[in-house]
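There are 2 protein chains.
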Amino acid sequence: MTKLVEERVSSFKVMIDCVGMRALITGGAGFIGSHLVDRLMEEGSFVVCADDLSLGRKDYIHHHLNSERFVFVECDVRKHNLLAPLFERYAFDVVFHLAANSDIQAGMRDPSIDLERTFFSTYTVLVCMQKYGVKKIVFASTPAVYGMQEWPVGEDTGPLFPISLYGAAKLASEAYISAFVELASMQAWIFRFPNVIGERLTHGVIFDFIKNLRDVPSELTVLGDGKQEKPYMHVSDLIDGILFVFKRTDEARNYFHLGVLDATRVSDIARIVIEEMKLPPVSIVYTGGAQGWRGDVPRFQYDISKVSKLGWRAKLGSTEAVRHTVRALLDELSLK
Amino acid sequence: MTKLVEERVSSFKVMIDCVGMRALITGGAGFIGSHLVDRLMEEGSFVVCADDLSLGRKDYIHHHLNSERFVFVECDVRKHNLLAPLFERYAFDVVFHLAANSDIQAGMRDPSIDLERTFFSTYTVLVCMQKYGVKKIVFASTPAVYGMQEWPVGEDTGPLFPISLYGAAKLASEAYISAFVELASMQAWIFRFPNVIGERLTHGVIFDFIKNLRDVPSELTVLGDGKQEKPYMHVSDLIDGILFVFKRTDEARNYFHLGVLDATRVSDIARIVIEEMKLPPVSIVYTGGAQGWRGDVPRFQYDISKVSKLGWRAKLGSTEAVRHTVRALLDELSLK
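From first to last, the protein sequence lines stand for chains A and B. Just so it is clear: in the first sequence, position 96 is 96 by my numbering, and no numbers are missing. Just so it is clear: in the second sequence, position 302 is 638 by my numbering, and no numbers are missing.
This is chain A alone, in the form it adopts within the complex:
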């Protein structure tokens, strides 16, 4: 007992030194998480980053390791016995829960991946929040909860019948978050955002195209008919939008689309990658079919008027964000 009290005391000392939030970021060493860490550290917050480094990378957050306002804990947040001590030690104002499986196709091959990495992690976070009285959760959700819908959809569109286990695990997480809001008088901020791209991207179509063209520069295989068209959002805009809404809304359940007004075809992404890599003519092979893969939602665009009314919009459009990201990834790769 004495030891725990001492640890609490030392955490209070830490808290005095921080001018922003005391935030736990699960998945904080991942692509999106590490950008959120950067932003909150800039703002003077105290940040505990919990990440099992299965998808995240320590070099994405290594520049904060010497800060007194930053703690990195390598842990699997699904495991209550690993996560609870963080809540015991630090009095968090808010949990940014980003830890999840982000490889949708892997989740379709093995149903346990999204169940464990996305849903169980949410459940464990909620149980810890309830036990330790942490009242605010920010959750990274997805339009995949809508499944195949007539687009564009608004935040209140139903029914919610996801067609991927990725979408199912996110919807299951939303459902549990909503119930815990009632059960433990919490507040939730649920953001459904489009494909997010930018520096430190570790997977997805842009990443794959660059990787494949570096291996075989003369030919590129594109899944589906190339006409899949989705909105892409730059990660800097995403973080900006999350914090903008978080600081200006105060309902029990705050739920918003974050998005851009345009969308980009897969075939255009291929063209931009080829242009930016300055390659000679490339033979593009389409595998055919409307869906890139089973569980893929080939075309989506959703209503972002709710967040627009709050006064926020993204700085970069979808195709701008794609080109920006291609250049950044080529820079990152050339440095290695």
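Don't take every hint at face value.
Pairwise CB distance ranges (calculated) [stated by the list, open to error]:
no., chain 1, residue 1, chain 2, residue 2, range
1, A, Asp59, B, His416, 36 to 44 Å
2, A, Ala290, B, Asp544, 49 to 57 Å
3, A, Glu116, B, Pro617, 52 to 60 Å
These are computed hints drawn from the structure, not numbers from a lab. Glycine included, each C-beta is placed from N, C-alpha and C at the ideal position.
Fit chain B to the given chain A structure using the hints.
Okay, now just chain B, sitting in the frame of chain A:
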């Protein structure tokens, strides 16, 4: 290997003897499940009833134990190693997945109850269905998936923000069913039904009122202000509606409200119970507040025009079903 083949052969012999469906009913010894068993047995189906008897009771299905078309297996359907052998042995046409926690208040005290008994059981059923190629699932869902909504709601109303873990686990189950429909080319029938009552009812407000008045006939405590008003449906109508819709619809995802047009106030239920028990004047104490308990949705009524358009409607209204049930439960109790 040889043994498995022999078992499959013997199961094929069983199948030849049945004129209806080859059905697995999880939770088949429960209140609703046992009524479904009765109906499918009447129709000449081959029925495997899997139930761990935690809420179900063997005497609800004992009258079928001698039938060659009926198999009772006492097992926890969350456990893959117990459920999979049933799929291995019998080639089911359809799974009626009713196994779930039905005690909403218990679920609010311990979040693991709905998670395990409702959601995990659904997940295990889906994994077994995918592995053994069973293509049809009928699922017992709930309007609790809507949380606090402007009533009446239609099947396509959003957002879905449940306020109980019961509702959250059902929505999580719906989400996974929908994703498996895509993943394994299944078909799903999702029914969201109101409070279901009738013979063999084991819990709920009618059950509690009778039990409490038998203990203390002079006083009755009613949770909330007594104005909570909900539609009650007789279990015979529910089973009728489920099978009616199941036999007439053929989408990948078929989802329907089953309900009645009227609703019954808690204070009226108290009055009917007191009348039917022929008690002298009873002092009714209301605990106050709009909600009976945390997570309670105090008033709901939903649009049943979708199922009406198919040509189905319940025979008993809500208050008729209440009185019918009170009489039946008093008969059941007097026999003991």
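Subject >> Numbered hints the structure breaks, given as an ascending list >> reply: Hint check: nothing fails, all pass.
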